[in-house]
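Participant: Read top to bottom, the protein sequences are chains A and B. Per this note's numbering, the very first residue in the first sequence carries number 1; after that it's consecutive. Per this note's numbering, the very first residue in the second sequence carries number 1001; after that it's consecutive.
Honestly, the hints are just simulated from the structure, not real lab data. Every value quoted in this text rests on a predicted model; they were computed, and no experiment measured them. Accuracy of the hints is not assured; some may be wrong.
[Stated by the list, open to error] Mimicking DMTMM-like on lysine to aspartate or glutamate, the simulated pairs with C-alpha atoms at most 25 Å apart in a straight line are: (1) B:K1067 / A:E59; (2) A:K75 / A:D41; (3) A:K9 / B:D1102; (4) B:K1239 / A:E80; (5) B:K1082 / B:D1095; (6) B:K1067 / A:E24; (7) B:K1239 / A:E59; (8) A:K27 / B:D1198; (9) B:K1239 / A:E24; (10) B:K1145 / B:D1102; (11) B:K1145 / A:D81; (12) B:K1157 / B:D1186; (13) A:K78 / B:D1179; (14) B:K1067 / A:E13; (15) A:K27 / B:E1080; (16) B:K1239 / B:D1198; (17) B:K1239 / A:E19; (18) B:K1239 / A:D66; (19) A:K78 / A:E13; (20) A:K27 / A:D41; (21) A:K27 / A:D60; (22) B:K1145 / B:D1209; (23) A:K9 / A:E19; (24) B:K1067 / A:E80; (25) B:K1050 / A:E24; (26) A:K9 / B:D1179; (27) A:K27 / B:E1079; (28) B:K1251 / B:E1152; (29) B:K1251 / A:D41; (30) A:K53 / A:E80; (31) A:K27 / B:E1237; (32) A:K27 / B:E1152; (33) B:K1251 / B:D1041; (34) B:K1078 / B:D1095; (35) A:K9 / B:D1192; (36) A:K9 / B:E1190; (37) A:K50 / A:D81; (38) B:K1251 / B:E1237.
Here is how the chains run, residue by residue.
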Amino acid sequence: MKINFLMSKYFLEFILSIENTSPETIKNSIREFGDNLEITDCNDELVKGKNFKVHIHTEDPTIIFDTCAQFGRIKSVKIEDGG
Amino acid sequence: MPEHNLLQSKRYYLWSGLSEANLICAFSSRYLGNMSLAYGDTKNALKNRKDFLGELGINYQDLVCAKQVHASSVSPAKEEDKGKGALSYDTSIADTDALVTDKRNLPLAIFTADCLSIFLYDPETPAIGLIHAGWQSTRENIVDKTLQLMQERFNTKPGNLYVGFGPAIRSCCYEVSRDFSNFFPDELIERDNRYYLDLVQMNKTRILDLGVNPVNIFDFNICTSCQNEEFFSYRREGKTCGRVMSVAMLKSAP
């Protein structure tokens, strides 16, 4: 039995605050779950750890959050219905 | 050579064609619970390991485990590695996605939920290998690197090698984004404008390229997503997902 992911796409954007993981590792962990993946550095010297803005179009936001939460703290989440 | 198939108890699978060869190759199902000390609900993992390995005649405290990182480093397991990762995740061999050994009574373990486990057996030396192959390790050609190390260390000949594929999310369910065509230009499968990977086929192609005899390659056709009642699937379950264990061990000569 094949279960499809949700059919509608969500545009997801959030800040991931990590300490010991490279952005490349994050990318490789979630790229299979969506398209248009971009991870950009948005470090602020006052903030502990390293902050990266994660942007991805996905049908399964939960698995993106689940996976990223293993690496650090998720903040400032924006989700738009991509239709 | 005896017939190669999987003996299925309700709790685990045993590669039966090799049992007579003083070799154990087996993997647990989720009916035995989570086997990982790092992912999912870990509180019963040691007991679960003890139950599973006890049925195979393996001491769970002897287990050699790796901190799997989705890369392609291969570690030779030596006598002094016995017990690494057996009782705590921290003592596992670091940064390793494949283990090889020619030592007897040294059980190798790989933990998976959707990723593919691959068993290698060289009956001549004898020696074994066990691989954790997700898409990243497959892309880095981990089977090639594992066989290379077996050739260097144990003089393994690809023509003698037996290969078995453990459970994995199969191409029926392993949907990925289109940009995987950058990594696997000839191997990405398109169906109805969606894109899929076949981890087993990709690794099989690489194994055949190395000179392994096709009649010695065994695919037991288990999809962790289709058979989610029996196997853990990260795709299906997310962060609470546990791991099944694939284990391989050369037994003492009779």
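Participant: Next step is simple, just say for each hint if it's right about the structure.
Facilitator: Now for the hints, and whether the structure bears them out:
no., hint, in the structure
1, B:K1067 / A:E59, "violated (30 Å)"
2, A:K75 / A:D41, "holds (14 Å)"
3, A:K9 / B:D1102, "violated (49 Å)"
4, B:K1239 / A:E80, "holds (23 Å)"
5, B:K1082 / B:D1095, "holds (17 Å)"
6, B:K1067 / A:E24, "holds (18 Å)"
7, B:K1239 / A:E59, "holds (17 Å)"
8, A:K27 / B:D1198, "holds (21 Å)"
9, B:K1239 / A:E24, "holds (20 Å)"
10, B:K1145 / B:D1102, "holds (17 Å)"
11, B:K1145 / A:D81, "violated (43 Å)"
12, B:K1157 / B:D1186, "violated (28 Å)"
13, A:K78 / B:D1179, "holds (23 Å)"
14, B:K1067 / A:E13, "violated (30 Å)"
15, A:K27 / B:E1080, "violated (36 Å)"
16, B:K1239 / B:D1198, "holds (23 Å)"
17, B:K1239 / A:E19, "holds (20 Å)"
18, B:K1239 / A:D66, "holds (5 Å)"
19, A:K78 / A:E13, "holds (5 Å)"
20, A:K27 / A:D41, "holds (13 Å)"
21, A:K27 / A:D60, "holds (16 Å)"
22, B:K1145 / B:D1209, "holds (13 Å)"
23, A:K9 / A:E19, "violated (30 Å)"
24, B:K1067 / A:E80, "violated (36 Å)"
25, B:K1050 / A:E24, "violated (37 Å)"
26, A:K9 / B:D1179, "holds (16 Å)"
27, A:K27 / B:E1079, "violated (37 Å)"
28, B:K1251 / B:E1152, "holds (22 Å)"
29, B:K1251 / A:D41, "violated (51 Å)"
30, A:K53 / A:E80, "holds (16 Å)"
31, A:K27 / B:E1237, "holds (20 Å)"
32, A:K27 / B:E1152, "violated (34 Å)"
33, B:K1251 / B:D1041, "violated (31 Å)"
34, B:K1078 / B:D1095, "holds (16 Å)"
35, A:K9 / B:D1192, "holds (16 Å)"
36, A:K9 / B:E1190, "holds (19 Å)"
37, A:K50 / A:D81, "violated (28 Å)"
38, B:K1251 / B:E1237, "violated (36 Å)"
Comparing the model with each earlier hint shows violations of hints 1, 3, 11, 12, 14, 15, 23, 24, 25, 27, 29, 32, 33, 37, 38; every other hint is respected.
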